[in-house]
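Based on the sequences and whatever the hints tell you, model everything.
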Amino acid sequence: MAIFPPPQRVWWRERVEKTEVLWVTLALTWALVMFFMMPYWHFAGDQNLSNEAYRVNPEAYAAKAEAFAAEHKVREDATSGMPVVHPPAGSDVYMIARLWEWWPILELEKGQTYRLHLSSMDWQHGFSLLPENINIQVHPNYDMVVTVTPTYAGEFSIVCNEFCGIGHHTMVGKIFVK
Amino acid sequence: MAEEEIKTGGGDAGEPIPFMQQVLDNPFLLLFLGITVPTVTYIIWGVMEVASIPVAQ
Amino acid sequence: MAINRQFRTCPDTGFKIHLPADKLIKWNAVTAVVFLLIGGIFGLAVALTRWPEVHLLDADLFYLALTAHGLDVLLVWIIFFEVAILYFASSVLLQCRLATPWLGWVAYILMLVGALITNVAVLRGDSSVMFTSYVPMKAAPDFYLGIILFAVGALLACFIFLGTLVIAKNEKTYEGSIPLVTFGALTAAIIAIFTIAAGAIILIPTLLWSVGYVGSIDTVMYKVVWWAMGHSSQQINVAAHISVWYALAAILFGAKPLSEKVSRTAFLLYILFLQIASAHHLLVEPGLSSEYKIFNTSYALYLAVLGSMIHGLTVPGAVEHAQRKKGLNKGMFEWLRKAPWGNPAFSGFALSVVMFGFLGGISGVMMGAEQLNIIIHNTLYVPGHFHGTVVVGTTLAFMALAYWLVPVLWQRELFLPGLAKWQPYLFGIGMGLASLFMMGAGTLGVPRRHWDISFADATLSHEFPAAAYLMMGMNGVAALIGGIGGAIFVLNMVGTLLLGKKKQPAPAKAEEETVAQGPIAVSGSAGAVSVPGTFTLALIFLVTFILYYFVNWNYLAGVWGLS
Ligand code: HEM
Ligand SMILES: [Cu+2]
Ligand SMILES: [Cu+2]
Numbered sequence: 023m024a025i026f027p028p029p030q031r032v033w034w035r036e037r038v039e040k041t042e043v044l045w046v047t048l049a050l051t052w053a054l055v056m057f058f059m060m061p062y063w064h065f066a067g068d069q070n071l072s073n074e075a076y077r078v079n080p081e082a083y084a085a086k087a088e089a090f091a092a093e094h095k096v097r098e099d100a101t102s103g104m105p106v107v108h109p110p111a112g113s114d115v116y117m118i119a120r121l122w123e124w125w126p127i128l129e130l131e132k133g134q135t136y137r138l139h140l141s142s143m144d145w146q147h148g149f150s151l152l153p154e155n156i157n158i159q160v161h162p163n164y165d166m167v168v169t170v171t172p173t174y175a176g177e178f179s180i181v182c183n184e185f186c187g188i189g190h191h192t193m194v195g196k197i198f199v200k
Numbered sequence: 215m216a217e218e219e220i221k222t223g224g225g226d227a228g229e230p231i232p233f234m235q236q237v238l239d240n241p242f243l244l245l246f247l248g249i250t251v252p253t254v255t256y257i258i259w260g261v262m263e264v265a266s267i268p269v270a271q
Numbered sequence: 064m065a066i067n068r069q070f071r072t073c074p075d076t077g078f079k080i081h082l083p084a085d086k087l088i089k090w091n092a093v094t095a096v097v098f099l100l101i102g103g104i105f106g107l108a109v110a111l112t113r114w115p116e117v118h119l120l121d122a123d124l125f126y127l128a129l130t131a132h133g134l135d136v137l138l139v140w141i142i143f144f145e146v147a148i149l150y151f152a153s154s155v156l157l158q159c160r161l162a163t164p165w166l167g168w169v170a171y172i173l174m175l176v177g178a179l180i181t182n183v184a185v186l187r188g189d190s191s192v193m194f195t196s197y198v199p200m201k202a203a204p205d206f207y208l209g210i211i212l213f214a215v216g217a218l219l220a221c222f223i224f225l226g227t228l229v230i231a232k233n234e235k236t237y238e239g240s241i242p243l244v245t246f247g248a249l250t251a252a253i254i255a256i257f258t259i260a261a262g263a264i265i266l267i268p269t270l271l272w273s274v275g276y277v278g279s280i281d282t283v284m285y286k287v288v289w290w291a292m293g294h295s296s297q298q299i300n301v302a303a304h305i306s307v308w309y310a311l312a313a314i315l316f317g318a319k320p321l322s323e324k325v326s327r328t329a330f331l332l333y334i335l336f337l338q339i340a341s342a343h344h345l346l347v348e349p350g351l352s353s354e355y356k357i358f359n360t361s362y363a364l365y366l367a368v369l370g371s372m373i374h375g376l377t378v379p380g381a382v383e384h385a386q387r388k389k390g391l392n393k394g395m396f397e398w399l400r401k402a403p404w405g406n407p408a409f410s411g412f413a414l415s416v417v418m419f420g421f422l423g424g425i426s427g428v429m430m431g432a433e434q435l436n437i438i439i440h441n442t443l444y445v446p447g448h449f450h451g452t453v454v455v456g457t458t459l460a461f462m463a464l465a466y467w468l469v470p471v472l473w474q475r476e477l478f479l480p481g482l483a484k485w486q487p488y489l490f491g492i493g494m495g496l497a498s499l500f501m502m503g504a505g506t507l508g509v510p511r512r513h514w515d516i517s518f519a520d521a522t523l524s525h526e527f528p529a530a531a532y533l534m535m536g537m538n539g540v541a542a543l544i545g546g547i548g549g550a551i552f553v554l555n556m557v558g559t560l561l562l563g564k565k566k567q568p569a570p571a572k573a574e575e576e577t578v579a580q581g582p583i584a585v586s587g588s589a590g591a592v593s594v595p596g597t598f599t600l601a602l603i604f605l606v607t608f609i610l611y612y613f614v615n616w617n618y619l620a621g622v623w624g625l626s
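Chains as they are written, first to last, in our numbering: chain P, 23 to 200; chain A, 215 to 271; chain G, 64 to 626.
FYI, nobody ran anything at the bench for these hints, they're computed from the structure. Built from N, CA and C at the ideal position, the CB exists for glycine as well. Hints are all accurate, no fakes.
With a Cα cut of at most 25 Å, we get these calculated PhoX-like pairs of lysine-lysine:
1) G/Lys388 <-> P/Lys40
2) G/Lys564 <-> G/Lys79
3) P/Lys95 <-> P/Lys200
4) G/Lys484 <-> G/Lys566
5) G/Lys393 <-> P/Lys40
6) P/Lys40 <-> G/Lys389
Negatives, chain P to chain A, calculated, CB over 10 Å:
7) Lys40
8) Val43
9) Val96
10) His108
11) Tyr136
Here is the structure:
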């Protein structure tokens, strides 16, 4: 019994019953399939993070984002008064996460690719793009670059899903895709 | 019952203990392995990667 | 140190029990249950707040309660109980005096004082940072201090466990190898030592930072090291509750492991690889390479998952084997049908095995895949997953053990045996459903740790589908059922201690006799009864796993391109 020492002095040479051998073989095979699925997706799949990131200080990042927004601003959003920014396809797009907003609002084109930069001005935030359900952690002092290609038109929300203080549940941003 | 098993269960008294059984019977060796492996592949490797993130221009 | 040779012989099991160990086991177990009660109340309050129609707490209280819930159940309840298990698996199972009982009391007091300090910090309201306390969000210094004291206490307990192994070996209180259950507890202790060391590396600087002696803490570095603690501590739970499974199989059925070799190798895979999967908390963080993520998140080629799948076969397999030896040999499942479903120690154990695998296990491996994590990270799916592991897996297994252990240690009858029969079903099914509903809401994008998914006071808003609201409501209902189950457990345990009838010394109950008699089933190796029922169940599990895994890849393939 498992609560007593093994009765045999040498248990390592015990023959293993065939059900167990079969199960271990199946489980190991499945383990390897799951393992190779991840590198495989890097070649065959369209959803991989680039892992591109830089150290950055928040003021410098904010300056970049503000210059970016000023350059490509197309209008102001009626409900929030936030700038709506329409960057050219293929360009670097900057988004600021801070207590408690995602700034600015972006307008992207379907099927085009953008280099989306994410960084926080204060605490950590969670970039959760809905209803797609793409989730990325946003840190202060790090600029994380995600190359995104919107595949559907519509209105998307960015809900913060990392707890960031008492206003956490009010932190919502927008991306419009045309 | 228990005695019977000891007799029939396997291994006469003189048989050397197999290597893997000795490993599994050695708590401090296991402790060493259980600390070294994750420290190297998870903590040290991870910290090195974070430390080598480049600075933005 | 004083060699204390006070022993009593347990009338139920025939075990010689070292009295100082007996006392420590009792106090640690009771303290655990008290914190389960406290933490459970916070959990219920959180679930009721997240039920949109009820929305119980205000935002600040909600975040406070959530922080307290995470700490009290995940840290305090589980680890106090695990300390009790460590002492049990070493001192009682090896029939040996416990090493340095006085240090056990130091450990106990450190843990208790630490837990209280952190609870006070949280309840004061200035440390609602969640139990993860991600920098640069700052808690009051005593928040970190309490956790550190608690961890030091737990570390001492691990050393006492190792010390007891050494004494038992030197004093030859057992022959050959340690019992499998003790080996599983050793696995847990090893992982715990790594866990606590990692915790010290990160929490001590964080404490200094919170006091003002350290300028800043790198946020990604913090997460790498913090999760070496945060995740590994979940792996302590896995190792511990699997040992409890083996113990219950032995105690209730006289079951013998199918093969010592296979089961111990599975534990070895845990020792080597379980902890590196801490990386699955880092899959969407900036700057870590895919090589690092893939190697670590997969426990090195999923070898630790292999270990779990082995235990998933061998634990029920051992039960089937023992039952068939007793003649319950008809068809595939007579052994299972005729199991003691009315005994909470068994039903809790059985539900724990099944739900840990199907709910916690499959979901955890799925969302730990590098890319799949993108569609799961920080959604409510994550709490859904770990209520499938640490609640219906670990907590339920510990409850099942308590139904056996508490009456035996205290020599008292269960306080409310009638209610106890239902308790594992209420708690297990309630929390199992809660786990499913949270996972469901998470796949719809509902965030975790979020006070208001209707965004009533936000400038910009997002509308979740009606199904998300439905799931949150159902989660609330399920949490209530689970909460009632939890309350019955606490009531029963406390009632047994305070009001339980003294046991009559003789005659022992049938299932307990088996312990005294020694193994019923002989070695499971060559020529043994095979376990077709268990194998069939295992195949059902594997097929479910494979289907669910690929369904999620399919779902991932549908979202925006990311490169
Ligand atoms: C009555 C029983 C319980 C109920 C009703 C319950 C309910 C919940 C709910 C609704 C959440 C919040 C999810 C969120 O908003 O992010 C949560 C979080 C959590 N629960 Fe439970 N739970 C219970 C028992 C347990 C137990 C026994 C454990 C551990 C052993 C546990 C561990 C956790 C942890 C670690 C969190 C995460 C806290 C955080 O995000 O910081 N729960 N629970
Ligand atoms: Cu935020
Ligand atoms: Cu937030």
